[in-house]
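Asker: From first to last, the protein sequence lines are chains A and B.
Residue 1 is where the first sequence starts when you use full-length UniProt numbering, and the numbers rise one by one after that.
Residue 1 is where the second sequence starts when you use full-length UniProt numbering, and the numbers rise one by one after that.
There's no promise every hint is true.
Identical copies carry no separate label here, and so any pair may be met within one copy or between two of them.
To be verified - Each computed PhoX-like pair below joins lysine-lysine, with the alpha-carbon atoms no more than 20 Å apart:
#1 Lys281 to Lys379
#2 Lys237 to Lys341
#3 Lys237 to Lys379
#4 Lys351 to Lys340
#5 Lys317 to Lys379
#6 Lys237 to Lys317
#7 Lys281 to Lys34
#8 Lys317 to Lys87
#9 Lys267 to Lys22
#10 Lys267 to Lys281
#11 Lys351 to Lys341
#12 Lys22 to Lys87
#13 Lys237 to Lys22
#14 Lys34 to Lys22
#15 Lys87 to Lys34
#16 Lys340 to Lys281
If you are wondering where the hints come from, they were derived from the structure by calculation, not from laboratory data.
Protein chains: 2
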Amino acid sequence: MSTFDFGQETEKLLHWLGEFGKDSTGGVSRFLYKPEWVEAQQALAQYMQQAGLVVQYDDVGNLFGRLAGSVYPEETILTGSHVDTVKNGGLYDGQFGIIAGIIALKYLQQEYGQPLRNIEVVSMAEEEGSRFPYAFWGVKNILGLARRADVEDMEDFAGISFTEAMGKAGFRFRPEGSAVRQDLQAFVEVHVEQGGVLEAENKSVGIVEHIVGQRRFTVEITGEANHAGTTPMGYRKDAIYAASRIICAIMDITASYGDPLVATVGKVELEPNIVNVVPGKALFTLDARHTHKEVLAGFTEAVTARMRQIAGQAGVKIDIDMWMDAEPVPMDTAIVEVLKKQCEQNGLSYKMMHSGAGHDSQIMAPFIPTAMLFVPSHKGISHSPLEYTAPRDLAAGVQALAGALYELAYK
Amino acid sequence: MSTFDFGQETEKLLHWLGEFGKDSTGGVSRFLYKPEWVEAQQALAQYMQQAGLVVQYDDVGNLFGRLAGSVYPEETILTGSHVDTVKNGGLYDGQFGIIAGIIALKYLQQEYGQPLRNIEVVSMAEEEGSRFPYAFWGVKNILGLARRADVEDMEDFAGISFTEAMGKAGFRFRPEGSAVRQDLQAFVEVHVEQGGVLEAENKSVGIVEHIVGQRRFTVEITGEANHAGTTPMGYRKDAIYAASRIICAIMDITASYGDPLVATVGKVELEPNIVNVVPGKALFTLDARHTHKEVLAGFTEAVTARMRQIAGQAGVKIDIDMWMDAEPVPMDTAIVEVLKKQCEQNGLSYKMMHSGAGHDSQIMAPFIPTAMLFVPSHKGISHSPLEYTAPRDLAAGVQALAGALYELAYK
Chain A
1 MSTFDFGQET
11 EKLLHWLGEF
21 GKDSTGGVSR
31 FLYKPEWVEA
41 QQALAQYMQQ
51 AGLVVQYDDV
61 GNLFGRLAGS
71 VYPEETILTG
81 SHVDTVKNGG
91 LYDGQFGIIA
101 GIIALKYLQQ
111 EYGQPLRNIE
121 VVSMAEEEGS
131 RFPYAFWGVK
141 NILGLARRAD
151 VEDMEDFAGI
161 SFTEAMGKAG
171 FRFRPEGSAV
181 RQDLQAFVEV
191 HVEQGGVLEA
201 ENKSVGIVEH
211 IVGQRRFTVE
221 ITGEANHAGT
231 TPMGYRKDAI
241 YAASRIICAI
251 MDITASYGDP
261 LVATVGKVEL
271 EPNIVNVVPG
281 KALFTLDARH
291 THKEVLAGFT
301 EAVTARMRQI
311 AGQAGVKIDI
321 DMWMDAEPVP
331 MDTAIVEVLK
341 KQCEQNGLSY
351 KMMHSGAGHD
361 SQIMAPFIPT
371 AMLFVPSHKG
381 ISHSPLEYTA
391 PRDLAAGVQA
401 LAGALYELAY
411 K
Chain B
1 MSTFDFGQET
11 EKLLHWLGEF
21 GKDSTGGVSR
31 FLYKPEWVEA
41 QQALAQYMQQ
51 AGLVVQYDDV
61 GNLFGRLAGS
71 VYPEETILTG
81 SHVDTVKNGG
91 LYDGQFGIIA
101 GIIALKYLQQ
111 EYGQPLRNIE
121 VVSMAEEEGS
131 RFPYAFWGVK
141 NILGLARRAD
151 VEDMEDFAGI
161 SFTEAMGKAG
171 FRFRPEGSAV
181 RQDLQAFVEV
191 HVEQGGVLEA
201 ENKSVGIVEH
211 IVGQRRFTVE
221 ITGEANHAGT
231 TPMGYRKDAI
241 YAASRIICAI
251 MDITASYGDP
261 LVATVGKVEL
271 EPNIVNVVPG
281 KALFTLDARH
291 THKEVLAGFT
301 EAVTARMRQI
311 AGQAGVKIDI
321 DMWMDAEPVP
331 MDTAIVEVLK
341 KQCEQNGLSY
351 KMMHSGAGHD
361 SQIMAPFIPT
371 AMLFVPSHKG
381 ISHSPLEYTA
391 PRDLAAGVQA
401 LAGALYELAY
411 K
């Protein structure tokens, strides 16, 4: 590692790639198939070629850079992440996973020459769902899961169709039914944590064991809108009072479960929402996440029962609609062990943890042995121009990745 | 009373007057100085004249119909209410107080001839603040409290100035500093309850002892917006959780005070108000009302202290802004006694109560001995085309009023 300063190299490349789609607020807005997205992929392709990688796009614009294996050309170890960003995003989300992969490959090639198996870094087309209301377009095409019919008629905010946007960028739908890659043996994604746990615990690397499952609900409470002055308390069916009691109960139950369960009431809306009228309606959302399916189900059932009980006591009507139920995704235990060993051997401070956010890895994991490495997000800030990870932590992430890729592809 | 069916007569006149400003939804929209308002006052003036009353407008358009007294011409007993409505209002709010007064005067004149003191019924120009952001224009002019400078530059939604609207209707500002009437000895206002207490308790008449004082607050809680998935519960500063605990505490404290205290959280707004973000800000309003100043002050002080305590425990910042502090207004105990006796003598079912809403009487009371009679609002519905009061209850209100005016003006 003498010739590589992983931290400095990573920072330099993150700022370079962040110029594509840089917006007036200092953030990065790089949406699928936009000119700045095309330019970013082209620049990455050129950089990969200069680094000695064999470059290839798939139909939809996922970009792969390959370091070919000498003994098992039908086996590929994949790393990378997504090149698109949210609106006004930061320099680290997505980008870092691509840059980390490129630097790791450069390093491995320089230090150890050709691997036994192929190693590829992928710059995936899309993950965020920022331009069209469809997320994970990149990884779903690698796996043959994306369907043309689901997206072709979608329009972006300017009224441009998915099909038109894709065509202008020079790409096309993957022929449905065509074969998907059979050579992928493993996927290792490096990503920023998007939370504050690693920083708070002063760790450089997080090794993800599970990506949480999520259940999302909209809860509508119907009481009775009444005059704030002329309606005695005993005559009221106050929707916000019932909602407040329910929110407190949700948080009490959540606390009784403890980590890693998280529950969030993110959105509240009242009707009529006027200072001198007792609210007749209160609507709120509940987002609950846990690493284990049964625990998540048990929690949401307990909460649902308690919500109905409180609504009954308060004399209000309650409608509970679960509109998302995504199962937790475990990472591959063998690759997790490889990552752990790398951190230990290299003296990197690490933490076994889960991912509370969604990632390309959760789509990949049911099909290909998959694992994830996190690096700290300063103050937990995510999806913001204020995203920041210190160079020493970036370096630790790249080092752990490079070590793992060595274990997986050179032995 | 043999020749009068108070209920039938009242219903007939309410429907007749409700034609002026009748809108497409079946409601009444009769705003200050609009053509339909002018026509309503003109029609009322004509009806009063036909009923043998001497009719007079003041400068700003308050309309008075007088039954002159034989012995004390310098003493006047006043009744009536406001002729304007809210947008899409009902047939009872305001109107009923005017109609009740006219019918009571017709009845008294027919049964008992000329009173000793003058009795006047007033159709006040404005109370609701529906056209211009200024309420109680009518009564404040009677008392010499309204100031030209406060309203002359106000514009309605169509951009018409107060001064222009007034001029077009044929009225003018009361010369400031000119003498106000010294002859007013008492004011008795009949009004719909705008709440559901009388109906629930099966009473025909409410005798108001106090109009409540009101304090209004905006409370802003600042926590920290965080990712719903990657932020463990222990790392959060959740503004809606703190707000929910505070709202529950407010309602607990309110319950411990009991009637007539009412407290309402009518408006809640979150930032960013997104399903998968822990809310960083929660803003809510608190409207608290009570008949006694010290109790209202004590309650809001207790609530304020508790809000700060919960915010401190939750680690969030709290800003509490009291932007309204209107004192309670007691009614005149002597007139209240007269009303009570009338209900008892006439076998009317009545309830001693307070008004939780504001009325012309609260402006009048500090200057002129004042009292109010309520009749039931079906289901408590107010400011809606669905306002309804049964004829027998309308009749009871008019009967109680007529009896009280007899006591005040004929003895």
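Asker: Would you mind marking each hint as holding or not holding in the structure?
Answerer: Verification of the supplied hints:
When the C-alpha separation of Lys281 and Lys379 is checked against a cutoff of 20 Å, the pair qualifies only between copies, where the shortest distance is 18 Å, while the shortest distance within a copy is 36 Å. For the homomeric pair Lys237 and Lys341, neither the shortest alpha-carbon distance inside one copy (59 Å) nor that between copies (36 Å) is at most 20 Å. Taking the shortest alpha-carbon separations for Lys237 and Lys379, only the inter-copy value of 13 Å comes in at or below 20 Å, while the best intra-copy value is 41 Å. For the identical chains of this complex, Lys351 and Lys340 are intra-copy neighbours only, at 9 Å inside a copy versus 78 Å across copies, given an alpha-carbon limit of 20 Å.
Taking the shortest Cα distances, Lys317 and Lys379 sit within 20 Å of each other only across copies (19 Å), while inside one copy they are farther apart (40 Å). In this assembly of identical chains, Lys237 and Lys317 lie within 20 Å of each other by CA distance solely inside one copy; the values are 10 Å within and 30 Å between copies. When the C-alpha separation of Lys281 and Lys34 is checked against a cutoff of 20 Å, the pair qualifies neither within a copy, at 42 Å, nor between copies, at 34 Å. Taking the shortest alpha-carbon separations for Lys317 and Lys87, neither the intra-copy value of 38 Å nor the inter-copy value of 29 Å comes in at or below 20 Å.
Taking CA atoms no more than 20 Å apart as the test, Lys267 paired with Lys22 passes in neither setting, with 30 Å inside one copy and 39 Å between copies. Taking the shortest Cα distances, Lys267 and Lys281 sit within 20 Å of each other both inside one copy (14 Å) and across copies (11 Å). Within a single copy, Lys351 and Lys341 get their C-alpha atoms as close as 12 Å, which meets the 20 Å cut-off; across copies the closest is 81 Å, which misses it. Proximity of Lys22 to Lys87 under the C-alpha cut-off of 20 Å is restricted to the intra-copy arrangement: shortest distance 10 Å within a copy versus 50 Å between copies.
For a Cα distance limit of 20 Å, the shortest separation of Lys237 from Lys22 qualifies neither inside one copy, at 51 Å, nor across copies, at 31 Å. For a Cα distance limit of 20 Å, the shortest separation of Lys34 from Lys22 inside one copy, 13 Å, qualifies, whereas the shortest one across copies, 56 Å, does not. Proximity of Lys87 and Lys34 under a CA criterion of 20 Å is satisfied intra-copy only: 13 Å inside one chain copy versus 50 Å between copies. Within a single copy, Lys340 and Lys281 get their C-alpha atoms no closer than 51 Å, and across copies no closer than 39 Å, so neither meets the 20 Å cut-off.
When the structure is compared with the earlier hints, violations turn up for hints 2, 7, 8, 9, 13, 16 and for no others.
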